[in-house]
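Engineer: What follows is each chain in one-letter form.
There are 2 protein chains.
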Amino acid sequence: MAKFLTNREENYSQWYNDLVIKADLAENSAVRGCMVIKPYGYAIWEKIQAELDRLFKATGHVNAYFPLFIPKSFFSKEAAHVEGFAKECAVVTHYRLKTDESGKGIVVDPTAKLEEELIIRPTSETIIWNSYKNWIQSYRDLPILINQWANVVRWEMRTRLFLRTTEFLWQEGHTAHATREEAIEETEKMINVYAGFAENSMALPVIKGYKSEHERFAGAIDTFAIEALMQDGKALQAGTSHFLGQNFAKAFDVQFTDKSGKLDYVWATSWGVSTRLMGAIIMGHADNNGLVLPPKLAPIQVVIIPIFKNSEQLALISETAVKIKADLEQKGISVKYDNRDNNTPGWKFADYELKGVPVRIAIGPRDLQNKTIEIARRDTLTKETVPVEKVSELIPKLLEDIQSNIYQKAFNFRKENTFYVDKWDEFVNKLDDPGGFIMAHWDGTAETEEKIKEETKATIRCIPFDSPDEEGNCIYSGKPSHRRVLFARSY
Amino acid sequence: MAKFLTNREENYSQWYNDLVIKADLAENSAVRGCMVIKPYGYAIWEKIQAELDRLFKATGHVNAYFPLFIPKSFFSKEAAHVEGFAKECAVVTHYRLKTDESGKGIVVDPTAKLEEELIIRPTSETIIWNSYKNWIQSYRDLPILINQWANVVRWEMRTRLFLRTTEFLWQEGHTAHATREEAIEETEKMINVYAGFAENSMALPVIKGYKSEHERFAGAIDTFAIEALMQDGKALQAGTSHFLGQNFAKAFDVQFTDKSGKLDYVWATSWGVSTRLMGAIIMGHADNNGLVLPPKLAPIQVVIIPIFKNSEQLALISETAVKIKADLEQKGISVKYDNRDNNTPGWKFADYELKGVPVRIAIGPRDLQNKTIEIARRDTLTKETVPVEKVSELIPKLLEDIQSNIYQKAFNFRKENTFYVDKWDEFVNKLDDPGGFIMAHWDGTAETEEKIKEETKATIRCIPFDSPDEEGNCIYSGKPSHRRVLFARSY
Numbered sequence: 397m398a399k400f401l402t403n404r405e406e407n408y409s410q411w412y413n414d415l416v417i418k419a420d421l422a423e424n425s426a427v428r429g430c431m432v433i434k435p436y437g438y439a440i441w442e443k444i445q446a447e448l449d450r451l452f453k454a455t456g457h458v459n460a461y462f463p464l465f466i467p468k469s470f471f472s473k474e475a476a477h478v479e480g481f482a483k484e485c486a487v488v489t490h491y492r493l494k495t496d497e498s499g500k501g502i503v504v505d506p507t508a509k510l511e512e513e514l515i516i517r518p519t520s521e522t523i524i525w526n527s528y529k530n531w532i533q534s535y536r537d538l539p540i541l542i543n544q545w546a547n548v549v550r551w552e553m554r555t556r557l558f559l560r561t562t563e564f565l566w567q568e569g570h571t572a573h574a575t576r577e578e579a580i581e582e583t584e585k586m587i588n589v590y591a592g593f594a595e596n597s598m599a600l601p602v603i604k605g606y607k608s609e610h611e612r613f614a615g616a617i618d619t620f621a622i623e624a625l626m627q628d629g630k631a632l633q634a635g636t637s638h639f640l641g642q643n644f645a646k647a648f649d650v651q652f653t654d655k656s657g658k659l660d661y662v663w664a665t666s667w668g669v670s671t672r673l674m675g676a677i678i679m680g681h682a683d684n685n686g687l688v689l690p691p692k693l694a695p696i697q698v699v700i701i702p703i704f705k706n707s708e709q710l711a712l713i714s715e716t717a718v719k720i721k722a723d724l725e726q727k728g729i730s731v732k733y734d735n736r737d738n739n740t741p742g743w744k745f746a747d748y749e750l751k752g753v754p755v756r757i758a759i760g761p762r763d764l765q766n767k768t769i770e771i772a773r774r775d776t777l778t779k780e781t782v783p784v785e786k787v788s789e790l791i792p793k794l795l796e797d798i799q800s801n802i803y804q805k806a807f808n809f810r811k812e813n814t815f816y817v818d819k820w821d822e823f824v825n826k827l828d829d830p831g832g833f834i835m836a837h838w839d840g841t842a843e844t845e846e847k848i849k850e851e852t853k854a855t856i857r858c859i860p861f862d863s864p865d866e867e868g869n870c871i872y873s874g875k876p877s878h879r880r881v882l883f884a885r886s887y
Numbered sequence: 397m398a399k400f401l402t403n404r405e406e407n408y409s410q411w412y413n414d415l416v417i418k419a420d421l422a423e424n425s426a427v428r429g430c431m432v433i434k435p436y437g438y439a440i441w442e443k444i445q446a447e448l449d450r451l452f453k454a455t456g457h458v459n460a461y462f463p464l465f466i467p468k469s470f471f472s473k474e475a476a477h478v479e480g481f482a483k484e485c486a487v488v489t490h491y492r493l494k495t496d497e498s499g500k501g502i503v504v505d506p507t508a509k510l511e512e513e514l515i516i517r518p519t520s521e522t523i524i525w526n527s528y529k530n531w532i533q534s535y536r537d538l539p540i541l542i543n544q545w546a547n548v549v550r551w552e553m554r555t556r557l558f559l560r561t562t563e564f565l566w567q568e569g570h571t572a573h574a575t576r577e578e579a580i581e582e583t584e585k586m587i588n589v590y591a592g593f594a595e596n597s598m599a600l601p602v603i604k605g606y607k608s609e610h611e612r613f614a615g616a617i618d619t620f621a622i623e624a625l626m627q628d629g630k631a632l633q634a635g636t637s638h639f640l641g642q643n644f645a646k647a648f649d650v651q652f653t654d655k656s657g658k659l660d661y662v663w664a665t666s667w668g669v670s671t672r673l674m675g676a677i678i679m680g681h682a683d684n685n686g687l688v689l690p691p692k693l694a695p696i697q698v699v700i701i702p703i704f705k706n707s708e709q710l711a712l713i714s715e716t717a718v719k720i721k722a723d724l725e726q727k728g729i730s731v732k733y734d735n736r737d738n739n740t741p742g743w744k745f746a747d748y749e750l751k752g753v754p755v756r757i758a759i760g761p762r763d764l765q766n767k768t769i770e771i772a773r774r775d776t777l778t779k780e781t782v783p784v785e786k787v788s789e790l791i792p793k794l795l796e797d798i799q800s801n802i803y804q805k806a807f808n809f810r811k812e813n814t815f816y817v818d819k820w821d822e823f824v825n826k827l828d829d830p831g832g833f834i835m836a837h838w839d840g841t842a843e844t845e846e847k848i849k850e851e852t853k854a855t856i857r858c859i860p861f862d863s864p865d866e867e868g869n870c871i872y873s874g875k876p877s878h879r880r881v882l883f884a885r886s887y
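Protein chains in written order, with the working numbering: chain P, 397 to 887; chain S, 397 to 887.
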């Protein structure tokens, strides 16, 4: 299978597209910019959802569901918000089709025009805060800690599978608080939840930090983000958490009586991650043989492939295989025994490599004689022959090793591709080759940020939380700066 | 709390609406016909989803995700299908908003008109079969057994929370098969999965049967349904499974090479249940005190309420309560300990009754002395004082008892309200009082079916699979009939 992938070093972008298609993760649909998430891709998304949902609930959140449609007038209430999203909104204007009388087939019924247009949610702050208005009277009604799993639509001009699609799946948390401090604490808590998930489950190290004003969410006072480095040296924003201040409470007139009886506007946060994370997993770990899935998110963690010449051999091998499968499943490991006879073992090896299955077990007739099996790791592509009775002890440990190994590999890659740069020439050159994260001084102005973007296509990915105080001069303007910020080209 | 509910016997419809709102399940949103599913309601839906998803996977299905949007031209390809859905479609015509130059605020940008309108999916057969076309070449690519969890939109004129909403959440299975027989087997398998879920998890007995031609899904050869009886004597269709024949394969030109090398169109099924099931759970079991949730779908199965006069008492009670909670949780039971001090125990009792929590444990100072607790059942509203050391043994058994008791109660109700009727007068009278399921002969014609509907508002809910051969005369036309069918007024 691997031979059908474009070489990653030759054409990274084509390699990515090939991989998404060939590994059966997703494909473009007939609707411009909308993808079909295929079963194998969706199974990974289900793993992502399950773990995030567990983390949200463990931090006190509950799920709910709000309408897909947002009345245009709501959408317009928060000025910065509508400014940010107006250019990419799908708009519903009619609610009926009819058969055309002049024989043009099925047409929109002009008599079924909506009085007020409905926007397909690109994000749900407005429809949710319009509901919260009725839910909140007193400090006793706070906090509200709600998350929603939903589809959203943003009419993107250039789309790419998982990374940027017109419709995508995501979760969006929307919380309401009595104090500014509590809302900020929530914003921080959730960016930490995302960072923990990225590092522990996705095996991707991330930088946490503030967005510059220019890169903030439309309607936010502050946006925190996690940024991951992809193998081509570009950054990918993997999650954001927004402190919305009282902006939406003011736009929707959501006030509450505090403990002292005083009326005040409610404080808000929102935070989200999307199917974009699939892109991060792919580009963070995959190689020229295909996907490399972190064991914690792999729908199939172990595949067992029998090597046989006839049905008698298969029957004998199956006895061992079925036993191993049962043993491992009892330990909570997901195992597939692929005993199909319409493909060669070699074809299967390549196919499961392409699909990123962390561990492959092969069993042949000689293994049966020797009471051994062959174990192959997807991450290192190394093989080892081990006694069959050790399998159920070895595999759980091996899955942990793979999880931490691919994290470490990504961590080392980022370390090697993070550059502290103080000269403009070097900044420009590094961006072209090898790319990566560039820590540089910035004078703090939107003007400089914009100029740097124009000249290099690099943006300020974030102002890292842990960036230390350090006197220096802006990489572009030479003006004084007190800390370094993270620059990169990005997805 | 219960006093705020309209009496069920006085105004069933208002009682239902009150209950949905007061039990915090859902509310109407600012968007016509669209509801907000609130956290408590959504938690029940999550339980429904988890169990159904388990059942689908246990029967070999996988999940995937297809676009929200359907190009108008696809939608029109299957004639019966578009005929059935055209009148209730939300249509996207534009993809951008802009600030109006004459100061009217935010308006739809007329230059951003779509070349082809997009329909918000009311169901996904057309967009899915357009994808399947590229996935299926040979019998080796079959069967495809895919399910999708999604939101859909049908522009209903009269809406009611959960029962009929413009947007609703559902799952839709879409399978593709090499033979007619296999597709029919799948259609049957899934209606059985739904029936099993309704009876085992929702504690609602259902009648399985065929829909009459008039009531079939638009585009189906045959529709199987499960019908449940609500407490007001009306039927509720709780799930459908459709044998689609080769209709969609023909509309989208999906052919495959069979084992003998011959080209044939693919056979299809689709099947779905929706947030409507929430309505069935409510109306199947609730009473004038509120919801009565089946333990298997209750987000909170046991609530513990301390009865205390001061914080010392509360501290002592909490010791016992926390221990009970931990014991029960270890057995997989979900427990809430409500130690809030801003509401009286009486208020809490009423509130958890309203919310349908199956078991309530109360612990007061005297209980501590006597080493007892009080256990109350939501279904029978009976109380019992038991030794504290027996609690973790008693509760799991009690939850099972409640689950089977409410099933039995619903079963008995249905039995008492199912009538075998042979005379038109009786048919009409029974429908008015007491309502219920009426098993009567029908001459098999759409004309009679329509007349009966016009005169009585009753429809053929289904032709039960297990309705025995029996010679008789049509209740309306007097023409010969060979079996009884199920009539009822319905939601």
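Please note: incorrect hints may appear among the correct ones.
In silico contact screen, one side only, chain S against chain P (beta carbon under 7 Å); selected entries [said to hold, decoys possible]:
| id | residue |
| --- | --- |
| 1 | Ala460 |
| 2 | Cys485 |
| 3 | Arg492 |
| 4 | Gly501 |
In silico BS3-like cross-links for lysine-lysine, where the CA-CA straight-line distance does not exceed 25 Å [claimed, not checked]:
| id | chain 1 | residue 1 | chain 2 | residue 2 |
| --- | --- | --- | --- | --- |
| 5 | S | Lys786 | P | Lys727 |
| 6 | S | Lys744 | P | Lys453 |
| 7 | S | Lys692 | S | Lys786 |
| 8 | S | Lys473 | P | Lys494 |
Listing some non-contacts, in silico: residues in chain P with all C-beta distances to chain S over 10 Å [what the hints assert, rightly or not]:
| id | residue |
| --- | --- |
| 9 | Asn526 |
| 10 | Gln642 |
| 11 | Asn738 |
| 12 | Phe745 |
| 13 | Lys786 |
| 14 | Asn801 |
| 15 | Tyr872 |
Simulated from the structure, these hints should not be mistaken for laboratory data. Glycine residues also receive a C-beta, built at the ideal position from the N, C-alpha and C atoms.
Engineer: For each hint, tell me whether it holds in the structure or not.
Structural biologist: Verification of the hints:
no.: 1; hint: Ala460; in the structure: holds, 5 Å
no.: 2; hint: Cys485; in the structure: holds, 5 Å
no.: 3; hint: Arg492; in the structure: holds, 6 Å
no.: 4; hint: Gly501; in the structure: holds, 6 Å
no.: 5; hint: S/Lys786 / P/Lys727; in the structure: violated, 32 Å
no.: 6; hint: S/Lys744 / P/Lys453; in the structure: holds, 24 Å
no.: 7; hint: S/Lys692 / S/Lys786; in the structure: holds, 22 Å
no.: 8; hint: S/Lys473 / P/Lys494; in the structure: holds, 14 Å
no.: 9; hint: Asn526; in the structure: violated, 6 Å
no.: 10; hint: Gln642; in the structure: holds, 21 Å
no.: 11; hint: Asn738; in the structure: violated, 7 Å
no.: 12; hint: Phe745; in the structure: holds, 20 Å
no.: 13; hint: Lys786; in the structure: holds, 31 Å
no.: 14; hint: Asn801; in the structure: holds, 29 Å
no.: 15; hint: Tyr872; in the structure: holds, 32 Å
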